[in-house]
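J.: The residues making up each chain are set out below.
There are 2 protein chains.
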Amino acid sequence: MPSYRAPIQDINFLLNKVFDADSLFASMPATEDVNAELTSAILEEAGKIAEGLLAPINQSGDQQSCQFRDGSVITPDGFKEAYAAYAAGGWAGLTGDVTYGGQGMPKTLSALIEEMSFAANSSFALFMILTTGATLTLSQHGSDELKKRYLPKMYEGTWTGTMCLTEPHAGTDLGMIKTRAVPNEDGSYQLTGTKIFITAGEHDLAENIIHLVLAKLPDAPAGPRGISLFLVPKIMVDESSELTGERNGVRCGSIEHKMGIKASPTCVMNFDNAKGYLVGELNHGLSHMFTMMNYERLSMGLQGNGLADSAYQIASEYAKERVQGRAPTGAEQPEAMADPLLVHPDVRRLLLTVRANVLAGRSLSIFAALQLDVSRFHPDAEVRERAEKLISLLIPVQKAYCTDRGFESCVMAQQVLGGHGYVAEWGLEQNVRDARIAQIYEGANGVQALDLMGRKTVRAKGELLALLSEEMDGFVAQQDGVAAMQPYLDALLSCRSALSRATDFIIDRSASSPAEIGAASYAYMELMGLTLYCYMWLRMLATAHGELSGDGAENRDYLDSLVKVGEFFLARQVPKAQSLLAEIEAGSETLMALRADQF
Amino acid sequence: MPSYRAPIQDINFLLNKVFDADSLFASMPATEDVNAELTSAILEEAGKIAEGLLAPINQSGDQQSCQFRDGSVITPDGFKEAYAAYAAGGWAGLTGDVTYGGQGMPKTLSALIEEMSFAANSSFALFMILTTGATLTLSQHGSDELKKRYLPKMYEGTWTGTMCLTEPHAGTDLGMIKTRAVPNEDGSYQLTGTKIFITAGEHDLAENIIHLVLAKLPDAPAGPRGISLFLVPKIMVDESSELTGERNGVRCGSIEHKMGIKASPTCVMNFDNAKGYLVGELNHGLSHMFTMMNYERLSMGLQGNGLADSAYQIASEYAKERVQGRAPTGAEQPEAMADPLLVHPDVRRLLLTVRANVLAGRSLSIFAALQLDVSRFHPDAEVRERAEKLISLLIPVQKAYCTDRGFESCVMAQQVLGGHGYVAEWGLEQNVRDARIAQIYEGANGVQALDLMGRKTVRAKGELLALLSEEMDGFVAQQDGVAAMQPYLDALLSCRSALSRATDFIIDRSASSPAEIGAASYAYMELMGLTLYCYMWLRMLATAHGELSGDGAENRDYLDSLVKVGEFFLARQVPKAQSLLAEIEAGSETLMALRADQF
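If you read the protein sequences in the order shown, they are chains A and B. Residue numbering for the first sequence follows my numbering, beginning at 206 and increasing consecutively. Residue numbering for the second sequence follows my numbering, beginning at 206 and increasing consecutively.
I should point out that these hints are in silico values taken from the structure, not numbers from a laboratory. Hints are not guaranteed to be accurate.
Unchecked claim - Heads up, incomplete: computed chain B residues facing chain A, CB under 8 angstroms, no partners named: (1) K383; (2) C457; (3) A524; (4) P533; (5) P550; (6) Q620; (7) K781.
Stated by the list, open to error - 25 angstroms max Cα-Cα, derived DSS-like pairs, lysine-lysine: (8) K594(A) to K666(A); (9) K781(B) to K781(A); (10) K480(B) to K525(B); (11) K285(A) to K253(A); (12) K352(B) to K480(B); (13) K353(B) to K383(B); (14) K525(B) to K383(A); (15) K383(B) to K525(A); (16) K480(B) to K383(B).
By construction, the Cβ of each residue, glycine as well, lies at the ideal position given by its N, Cα and C atoms.
Next up, chain A with everything else stripped away, as it sits in the complex (with noise of 0.2 angstroms):
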């Protein structure tokens, strides 16, 4: 039975010596009681939930999966007591509005315990990143009078939350949607229309849910400007926040056979004339749904990383266990039958690239995590708006590139384990089902990477990517006379000088070819993921170096462990940034050549 445990270490490193977040949090009025002690403490405890609630029902939840019987879903043994658990620990509502009973902590925070919560249990994550999402945009759009009723519930656990927005015919493109919201005299709605693909549409664990639902009124303009949002019960509730006991018109038709996160119910819900009530200004449903995208996707890379590193704690426990062969130096243990298979350089070649990546999805996940609080939190317009550009441009990078490596992370620890890592047992194969997930929901990573390219870098003229770039070159300027940084520095420069040169082409190809967007925007956002990580590398560097430096280092062993994992992937992991930048450059005629009847 895999174990998980919480990368407390790697945490305080990233939070508090590579990004100071302590100094950031106490400047910043909201956050300013949030210390490094009172974070550390917070942590920690979500470390131990992670490692004692959910990491012991992720196995046995996938087996049992969730069970849809007569309109309800039934979740796995222990998921009602382990939430149940996590709701009296206060944890639904940590980044809450305090206003409603909500904590007002920062999203740095809960991303690390999102990450942890990942790790240790996917499925079970995503009910509490359902309802963090619906909060999210109920507080930010919602009546005084909606928050009130529904939001200290929601803080407290007892009801959950949900997202309805894809139909059958309409996913990624959701200006098709056919759920119709007609008014009542009283100002409520009545929402008929079906919604597939609900993450915690239904099931046990909770009263009530309250379902954020996507629907055009009869007479809406027609595409993505006719969208409204409605908040619509499971239950109704009266003014005083409690059950009427009155089951509303929407109910679970079935639920998905899926590839993984089967203790996720993933649910086909019924909106049958169904009450609901809009959810911020009518037909703006769907730019009142994207303020707390960003969140979600957020929440969506760090799943990928959290499972790359679960993935890779047990692979590399294996590694060192589980003998077979001899180093290419001769043998290491003479004495025993075989060396561990860790002397195998191919062995290390996966686990190095799996940590080096964990590390850097951490790192940018917490940095991107850090604007979102500033945008949100910082005192000064300008900051809030800069943090909110640099948002826009990190977003689609940090889903799509977090969770492609994170899949593919959990695909290398599976190697590690040959045979063994493709049965139930070690649990790995699990893990790869489960990752896989997160590089299609909250928009495809196709979808991220022509956000990206089209809206992000060509629509704004570079001008968010020069952002980025001040960033970086702030950061260059620091390390200037730093000894010890300067055989790294060309590495984040070629990176640079790649995706400076892919954007130029781009920018000026697609003014007049408009293909040629789609058709460089994969490699694009893969080249940007690539220098993103390669700079968190050279920022997790430069503060191990420093500390290296001082007497005072408590921790060299840790430091140099990942001085050297920094070393690995610069040398070997970077010079993927050429043959991105060449097929970019290879533009988009071969890809357009074929017509529909020839594939």
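Given the structure of chain A, go ahead and fit chain B onto it with the hints provided.
T.: Leaving out everything else, chain B in the frame of chain A:
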């Protein structure tokens, strides 16, 4: 429900046009009757079986899985009937020794049949492959007595075969096996030990199962040189190949719960004083197994390729039918709510990558299979020897590169369907799960890469690679003056020059730094795979252009599509060669720097 179409058009083009298998078979006495008419008839019939018999029970087989009850394995519904039809059709003995009732057909033919069978139903295909592997080993190394007693029934499909190699503590490192074979006075042996991961070790499809088992005599030399090979029947067999009814001491202890190939039972086999018969020479068991390994490994590459092809078929149909979003150049179907997915360049990138790799992988497999046939059937010993050398170089690449591309292709095809790719209904998540094992079994891909880099390249001092270079030089020389081919030759040149630089680098460095071989091996395998795929595409392009330049081509549109897919491959896949070279040239230092406890 997904359906499968056998790729008969592709196969005819490759087999008869690109590789002119007809002429080769005609040139060898043992295969002189195997003309294009016969191969077409056989392949079309096999295609119908894959489409009509195997594909329909693929998804249900996965869902139902094999069941283990009281030592017996129950296969899913329909498997018994399908197997009976397969056996009745005479397919089990297709490539078998004619002396014992086989049909003596070339491996090239069965390779293509295997690809289709794996594409349609990988679990079912494994029952076929294992028996073929066992009969091949037996026919090459068994005594006449053993062959006479066992081969005819196995060629009939009345009995199936297994390969029992792995033990709980010994996978890649077979030198450590503990299964003991104690000689009896009558020349037979009593075997005791436990084997794991035994495909089709127990099932209900055939009346008997013939196990080929690696074991050691009590006084055998330590390590791989003390391994012998034994035949162990499940039910004892008399001299006239009739079952005696006496059950031998070999039983299935349990079956594995796996990520995929769930309708193929992966068994723990307990040998408890089971009677066995020596196959070949004492202590030469491993080398006897290795003669069969090249055939088996080729089959695994075909599994990757087949599953990629069936995934492509589903995804390309979906992309034509599913409408979502608009073309970058403006609406293509303005009257509809949206355009088909296929208008999006990034969806085309996914599909073209899969299609280009499927065609190259199939070509490489045919190329390698033809060498196997030459090495077996050619009357000229020198020609046979050259083919054997080429095989020993090609097989590890074909196994690892085709299975890696196969898995990656299934993941890419799954991505085209978004959320619908993640649910069971469309079948693609099963392709991903089923394709994953091919990277692991029959020698994990890292082991293939090490074999290629160490034994086949460094220790062979580049001699094998020189043969391949000679082959490619010959082809390039033929293209001299062929105008249509000139734009393509640079791609092959750049791959070959990267490969040659990498080879020199490793041969040079490994003399003083043994870890360099393992550190470079995976990227080197990928670089050689890419080079071979590039070479295969040039051969397809040369043939397609040749056909198109004449008046007689009936299938101009098909040939045109091949040219376009090939041009996509050269423009957008080949650039990876540069970063693979850079990864190799980064050397082993950063891989070996961490101490074991720092992982």
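J.: Check each numbered hint from earlier against the structure, then list the numbers of those it violates in ascending order.
T.: 1, 2, 10, 13
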